[in-house]
Amino acid sequence: MAGAVLSSDVDRSPAAVSLEGVSKWYDNVPAVQDFTIDAEAGEFLVLLGPSGCGKTTVLRLIAGLEIPSQGVIRIGGQVVNDVDPRNRDIAMVFQSYALYPHMTVRRNIEFPLRSRGHPAPARSRMVEEVARSLQLDKLLDRKPAQLSGGQRQRVALARAIVRRPLAFLMDEPLSNLDAQLRIEMRAELVELHAKLDTTIIYVTHDQVEATTMGNRIAVIDQSRLQQVGTPREVYEHPANAFVAGFVGNPPMNIIRGHLEGEGDAMNARFQDGYLQLPPVLAAAARRENLGEVLIGIRPQDLQIVEQGTIHATVSLVEVVGSESRLVCRFAGGQFITVDTDRDPAHMRNGDVIDLAVGRPRREQQGVSQEELRSLPEVPPEALHLFDVASGRRLDP
Amino acid sequence: MTSRIRSLTRLKAIREAGLGYLWILPALAVFGVFVFFPLLKAIWLGFFETPPFPNLPAHFVGLSQYASTLSSEIFLHSLWRTVLFVIFTVPIGIVLGIALATLAHQRLAGIRVFRTIFSSTVATSTAVASVIFFTLLDPQVGLFSYWLGQRGGTGILANPTLALPAVSVVTIWQNIGFTFILMSAALQSVPDDLLEAARIDGASNWFRFRTVTLPLLSPTVFFASIVGIIGSFQAFGQIDLLTQGGPNNHTLVLIYYIYQAAYTDSNYGLAAVLSIALFAILLVLTLAQFWFFERRVFYVGT
Amino acid sequence: MSARETLQERSAAAGGIGDSDSGGMAGGGSNGSSGGSSGGATGKGGMGGRRSGAAYGRGHNRSRNRVRRPMTMGARYLLLAVLAIVIGFPIYITVVNSLLTSRQIAARPPVLFPVHPLWGDFAAAFSQAHLGIYLRNSAIVTILIVIAELVTSVLAGYAFAFLKFPFRRLLFMACIATMMVPMEATIVPNRQTIVALGWFNSFPALIVPFIASGVGIFLFRQAFLGVPRDLRDAARLDGYGHWHFLTRIVIPLNRPLIAAFALYSFMSAWNQYLWPLIVTDTNSVRTVQIGLKQLEGVGLNHFNLIFAGTLLAALPIFLLLIVFQRQLVRGLSAGALKG
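Protein chains in written order, with numbering that gives the first Met the number 0: chain F, 0 to 395; chain C, 0 to 301; chain S, 0 to 338.
Simulated from the structure, these hints should not be mistaken for lab results.
No false leads were slipped in.
Cut-off 25 Å, straight-line C-alpha distance, at most; resulting in silico cross-link-like pairs (DMTMM-like, lysine to aspartate or glutamate): (1) C:K11 x F:E65; (2) F:K142 x S:D232; (3) F:K194 x F:D136.
Selected chain C positions facing chain F (in silico; Cβ < 10 Å): (4) L7; (5) T8; (6) L10; (7) K11.
Everything numeric in this text was worked out from a predicted model, so none of it was measured.
Heads up, the beta-carbon is just placed ideally off N, CA and C, and yes, glycines get one too.
Work the whole structure out from these sequences, hints included.
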């Protein structure tokens with residue numbers, strides 16, 4: 000995909016896409032509720048959520064394939080609620096690619112141009128240009144059934160690009176590719192986005208895809224928008240327990256704890272031990288007057304210590320490169336994961352280990368064994384507190 | 000805004016519904032005029048007795064015409080001839096079809112020629128088949144009459160004992176192509192390894208056929224039976240072209256009885272009652288066919 | 000009827016567009032079962048298929064295991080030949096007789112091979128027996144029925160598969176229910192309708208009652224439901240409405256089924272007998288099947304005309320079957336759905 004994707008492209012500036020209070024119900028079952036989000040012009044916005052959360056419906060609403068029950072949709076500042084899909088000037092790439100099986104690659108790519116009254120010579124020039132840029136030029140006379148998964152994916156992209164739409168909608172376009180190809184296509188799509196200088200709204204359930212590709216991520220669950228932010232924001236400051244558990248691999252450990260203690264010295268007690276909260280978080284919890292909280296700790300923020308306040312039983316040792324990941328039983332049944340750089344060789348199933356919260360400290364010069372063995376101070380950014388009832392994040 | 004969206008949604012729905020009605024309209028109009036209306040009208044006509052002389056008004060007799068007709072000797076005779084016709088045509092046709100398909104399911108040089116001949120009658124219409132046999136059975140010049148030593152006289156088709164069997168032979172012959180193709184297709188879907196396994200177990204050809212092939216063919220056999228029975232209940236052309244219901248009403252099947260009542264005797268009331276009886280019989284058979292399809296789909300699903 | 004709906008949903012779920020060629024009757028609903036009466040063979044071209052014979056072809060190699068002696072090669076050919084002669088003879092002798100004079104036909108012992116074939120019988124069938132008119136009438140009626148039936152069935156099938164409108168389910172049921180009303184049961188009132196419309200002895204009488212088909216609507220709806228929703232959405236975004244989606248995507252994708260249905264439709268229209276008999280009584284609109292009935296009465300001196308006429312009446316179907324072998328099994332099975 001070297002060079003400009005469309006050299007003859009007329010000046011086509013990307014359009015912003017915005018949703019304001021958009022809802023969609025099917026027979027009183029909500030698919031999307033009160034959705035407000037702006038995709039800026041030229042942005043790569045990822046809609047991330049588990050299957051059935053409503054993210055595809057959002058895409059279909061933007062495309063005009065569904066009509067919202069409520070709210071306003073704007074493309075390039077224009078309200079498009081009553082604009083037919085064909086006149087919204089946006090292209091969509093489907094999970095199934097939706098290539099027309101009986102048409103050649105050339106006809107597939109050309110198809111959207113035919114309905115728009117481009118003359119034949121212009122059409123074939125545009126098709127060939129796009130095909131060349133996506134390395135499809137040798138496949139133009141094949142039918143979709145004769146193509147590999149990756150090639151079909153490119154044809155679907157070409158069919159979208161050839162129209163030079165105001166924005167691209169992509170519905171899990173990589174989910175039918177094998178793992179290696181998916182990683183390559185991720186990079187290509189990001190490159191393509193930069194070259195086309197266009198708005199892309201991209202739906203996926205794969206949080207790795209979301210965090211690696213998107214300028215911003217919108218996390219959706221149960222038909223509602225949970226959080227919008229850059230990948231880093233979403234990862235470091237999840238707005239609620241759902242986002243915390245959904246973004247990050249392996250998922251964040253979320254443990255329920257009783258709060259006890261006075262003043263700044265506050266502990267969260269579990270069945271198998273307790274955790275001393277940093278003063279800022281203790282203050283936040285006290286301000287809300289909570290007796291119980293959900294505590295989120297990422298696996299890499301847990302470390303194994305000789306004498307700790309949290310006790311867990313090793314269930315599974317998984318070696319990941321130079322590091323290892325432990326799955327432990329904790330608090331009478333719940334599993335938690337711990338990422339550690341310790342040599343797993345001496346870990347066994349059924350071992351009871353002590354855990355502490357904090358970035359792992361490597362054995363290095365100048366740090367005594369005493370210091371290593373002592374409990375590290377709990378860094379506030381490694382702990383995420385959430386309200387038990389609403390899942391809402393408690394900020395210091 | 001909300002109300003505008005609602006009205007917009009409604010407008011689109013109305014336009015889509017309008018297109019839907021427009022596209023089903025031609026079919027529905029034809030069905031209305033030539034299927035549903037006449038069906039109801041036939042039931043209604045059955046309430047009126049047609050007077051013996053034309054130009055007199057038909058008078059309402061309610062259900063009594065249904066009762067008298069359906070219990071009349073001629074109706075029961077006609078029904079019995081129809082059932083006999085079904086019995087003569089369907090089982091023999093299917094057994095013959097299976098036999099031909101099995102024979103043609105061999106790897107032999109030139110087998111394609113035989114397959115083509117066996118399936119060739121599918122191209123004949125009832126009228127074509129009937130006229131061919133009409134000439135062959137002609138008492139003066141017909142070859143079959145000659146070979147069967149029936150030359151001269153009134154001929155096979157005028158023989159009360161032989162007329163219905165003769166018409167049945169014509170029907171079997173005309174349908175054999177279809178049955179053969181159906182059975183061949185079914186036979187091809189019998190997995191070879193099942194037969195191989197039976198062969199290694201030392202089973203004879205006949206035993207293998209009976210225990211492996213035939214059970215696997217049974218859905219097709221059932222399908223062909225129902226289709227054959229319905230087809231035989233509707234058989235008209237061969238009667239009209241070969242025997243016209245005779246001799247002495249020996250080939251007066253139900254459908255021909257209807258035709259005679261309506262167009263020879265102009266007794267529309269009687270014809271209507273007979274039509275409804277035919278409809279009821281075919282309805283039961285068709286429902287059996289649907290039920291069968293469903294059951295088969297169920298098997299595939301599980 | 001609700002159970003019937005289950006069947007449709009199931010078969011709809013089973014049939015994708017890709018396999019619409021190999022699907023059996025009822026849009027894929029019934030193929031693939033153990034005895035699949037049609038599905039298996041369709042894709043392989045009618046009754047072809049070469050993976051036969053394991054049971055019979057090599058039986059004699061296992062003489063130790065057999066219980067009965069399998070037939071020898073010669074016996075098998077003999078049996079096949081006898082059956083082929085029995086089944087093939089009526090058509091064969093019709094061809095032979097159509098090339099003979101009336102005197103030769105009546106000769107005894109019979110002439111079984113035309114040493115000096117005469118082609119005059121065919122010309123005479125046209126000139127003396129109105130066969131040209133009959134064939135023309137049949138062609139007009141059949142072609143118009145096939146076209147109109149395809150149009151109405153495809154449109155209604157599409158509407159029931161893709162468009163939403165009130166009473167859709169009920170109306171679809173009504174269309175399916177027509178399969179249970181045989182034409183034979185309604186001829187009396189239908190003929191009255193034709194007379195009342197002033198259509199007696201006219202082409203509309205022969206055509207209009209048959210331009211809608213419950214089987215066709217059912218088959219096409221099933222097949223169209225197998226077209227992925229993504230294709231419809233893609234086409235909408237590409238700028239195409241229902242009409243263009245139907246003509247440029249749905250119809251091309253379902254061409255094999257449409258061809259099979261057209262074949263079935265052609266055969267049943269061409270072979271119609273009872274209905275044309277009761278709504279026509281002049282040669283100008285009689286179809287060829289009814290023409291055969293007229294031929295029957297020509298008498299012994301013109302027997303040769305009967306053979307020539309019969310062959311001509313069957314010829315279009317023969318030719319069609321040769322061209323459309325692939326669709327044959329499927330078309331026949333579809334037709335068999337009609338009660």
